[in-house]
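So the chains spell out like this:
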Amino acid sequence: MTGGGASRWWLGAVFVAFVIFLYGPTLTILVLSFQGPEGGLTFPMSGFSFHWYERLFAGAGVVDIWAAFGRSLRLGLVVMALTTAVALLGGYAFRRRFRGEGALFQLTVASLIVPSIAVSLGIALQFRILDDAIRALAEAGRLPTWLGAEDHTTAMGLFTSGLGAHLTWTLPFGLLIMFAVFNRFPVEVEEAARDLGASPWGVFRHAVLPLVAPSLVGVALFGFTLSWDEIARSSQAMGEANTLPLELQGLTTTATTPEIYALGSLTTGVSALVITVAFAAHALARRARRSASR
Amino acid sequence: MSSSRPDAALGAAALLDTATPPASAVAAAAQPRPGGAGAGVAPYLQAAPLALVLLLFLVLPLLVTAAVSLWDYTEFTLVPDVTLRNYREMFEGCVSGSGACATLRTYLSTFRLCALTLAATLPLGFAVAYFLAFHVRSDAMRTALFLLCTAPFLTSNVIRMISWIPLLGREGAVNRALLGAGVVDRPLDWLLYSEFAVVLAFVHLYTLFVVVPVFNSLMRIDRRLLEAARDAGASGRQIVLHVVLPLAKPGLAIGAIFVGTLVMGDFVTVGVMGGQQIASVGKAIQTHAAYLQFPAAAAQSVVLLAVVLMMIAALTRLVDVRREL
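The listed protein sequences derive, respectively, from chains A and B.
In terms of the UniProt record's numbering, the first sequence opens at residue 1 and continues consecutively.
In terms of the UniProt record's numbering, the second sequence opens at residue 1 and continues consecutively.
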């Protein structure tokens, strides 16, 4: 288009270089994760083996990495489900006018751009104060004994403070995707359903939901992968139990063998698998919708 | 709409519409919405979970942070109080000009990282977005290439940082190549665990945040404008400078806001790629928190938030993002 031939090739070269820049390093550690048993953290390869994966699965080198793996997986799934549901509802709410919609939108965007360390620290402080309050109340005998608050340690954890921290990161993405979806969603569908006598729930269930269902896969994908890889907001807010990215960050300073590459490649593999499954589900949902409307 | 733009396959591309809020806030009158005025209680119930999460885990924590920043603390406990001790200690030596102001130096170091990162990500992001928007002919190809650029965003930042170790280390591939080619006679040791490495990682991680909004801006440009400019005798260079670039400004501003705030608050990248040598505001907060000096960390956090808000205000002043939506 503009500039014609020369700039097209020049920009094409920049683009190719950019893609290599994006993927090259990740592919490098994928290759190096198959180092032979004597191989080190850098090239050259000394043979090809599954040695470091075997060590990883045996849990020999890296302590308790599978527990962290499981925690991240469970948290990711819960975040995924909640992000999808809350973003769908929120996006649907914005189809109509309500008081405070401007403030709620700005708050959502703010959630995206407030520095993660500030969010994480804030949540940690909040739970710290909450813990102090519970302990104080328990000591003063103000809480019923069946609560067992006498030996209260902390309310912080994966599915309390950690879950909240992750939702502040995933929900803005989810809501923005829902906006994009609803923006190109014809108002006439809802009007027609309503004119035909559908209840508000009926409109949502039978007219809206089937149409946006394929896009919900996208929201779910973002919900899971953003949580699975989240580290900045998790840093202060997880309490005792570390997630996988936090463990990985700890390993960066201590790791001396390609086992960390095996772990890294495996983690990326999970993300890639989720992305692929999401794409397949999206395609299937679209096809189903198309054949249903035929 | 969906025909002129790559289909928002899986919503990855829906990030494109970052700049398109509920249209309502901006153009409520222009767009008819179902339900209209007397929508009743339903929208409130639907918006409630979102509002609740944000109030509980964003607003309240930030208010708590502001309050705790005024508290006192000892080695063992936090002491509820109203004192400016934390702020005073933060800026100790800054006013007298004795040069012992750690906070100021930390901020300068962070601003430097921010400026270097922006200087790399904005042109690179613009070039990539420009190629996607104007030089890729078919929509399907454009969508595919766009997703190729966005997919790494869905993988772990830490792993993408670790990936540089075999390339940039003293024994790494780059040093080997340089030594082999006789360009250097000793391995370069500023490639990894240095400011260079930190900025490189930022560019690697965050250029996408420029590509997406700029691409969005470019796709909205009416192609007839470019033809008109060419018919009027403008050169390719002039078209880019005087037509495309001004119209891409809102996208560049949104990208700069994203990258700027991400770098300002970062502590993970600086920690992993800087080899504990580089100072940053985020790391200062993290260090205070690690030593359980929470009120000091809170004060740092409040100042960081203020600085970031000022940066955003300046950028939105520079480019009227809202008007462009």
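Worth flagging that the hints you see were computed from the coordinates, not collected in a lab.
Beta carbons are placed, not taken as given, at the ideal position from N, Cα and C, and that holds for glycine.
Do not rely on the hints blindly, as some may be mistaken.
[Unchecked claim] Beyond 10 Å from chain A on every Cβ pair, some chain B residues (computed):
1. L62
2. T65
3. T74
4. V82
5. R85
6. E92
7. L104
8. V128
9. G172
10. G182
11. I257
12. F267
13. Q277
14. A279
15. A313
[What the hints assert, rightly or not] These stretches of chain A come out as covered by chain B in the derived footprint (C-beta under 8 Å, 3 or more residues):
16. 27-33
17. 120-129
18. 162-170
[Claimed, not checked] With the C-beta cut set under 10 Å, the calculated list includes, among others, these residues of chain B facing chain A:
19. L52
20. L55
21. L70
22. T103
23. L116
24. L122
25. L124
26. Y130
27. L145
28. I162
29. S163
30. V203
31. I285
32. H288
We went through each hint and held it up to the structure:
no. : hint    : in the structure
1   : L62     : 5 Å, violated
2   : T65     : 4 Å, violated
3   : T74     : 15 Å, holds
4   : V82     : 16 Å, holds
5   : R85     : 17 Å, holds
6   : E92     : 21 Å, holds
7   : L104    : 19 Å, holds
8   : V128    : 5 Å, violated
9   : G172    : 5 Å, violated
10  : G182    : 19 Å, holds
11  : I257    : 6 Å, violated
12  : F267    : 6 Å, violated
13  : Q277    : 13 Å, holds
14  : A279    : 14 Å, holds
15  : A313    : 12 Å, holds
16  : 27-33   : holds (count 3)
17  : 120-129 : holds (count 8)
18  : 162-170 : holds (count 4)
19  : L52     : 9 Å, holds
20  : L55     : 8 Å, holds
21  : L70     : 12 Å, violated
22  : T103    : 15 Å, violated
23  : L116    : 17 Å, violated
24  : L122    : 14 Å, violated
25  : L124    : 7 Å, holds
26  : Y130    : 6 Å, holds
27  : L145    : 8 Å, holds
28  : I162    : 5 Å, holds
29  : S163    : 3 Å, holds
30  : V203    : 8 Å, holds
31  : I285    : 5 Å, holds
32  : H288    : 9 Å, holds
In the structure shown, a violation is registered for the earlier hints numbered 1, 2, 8, 9, 11, 12, 21, 22, 23 and 24, in ascending order.
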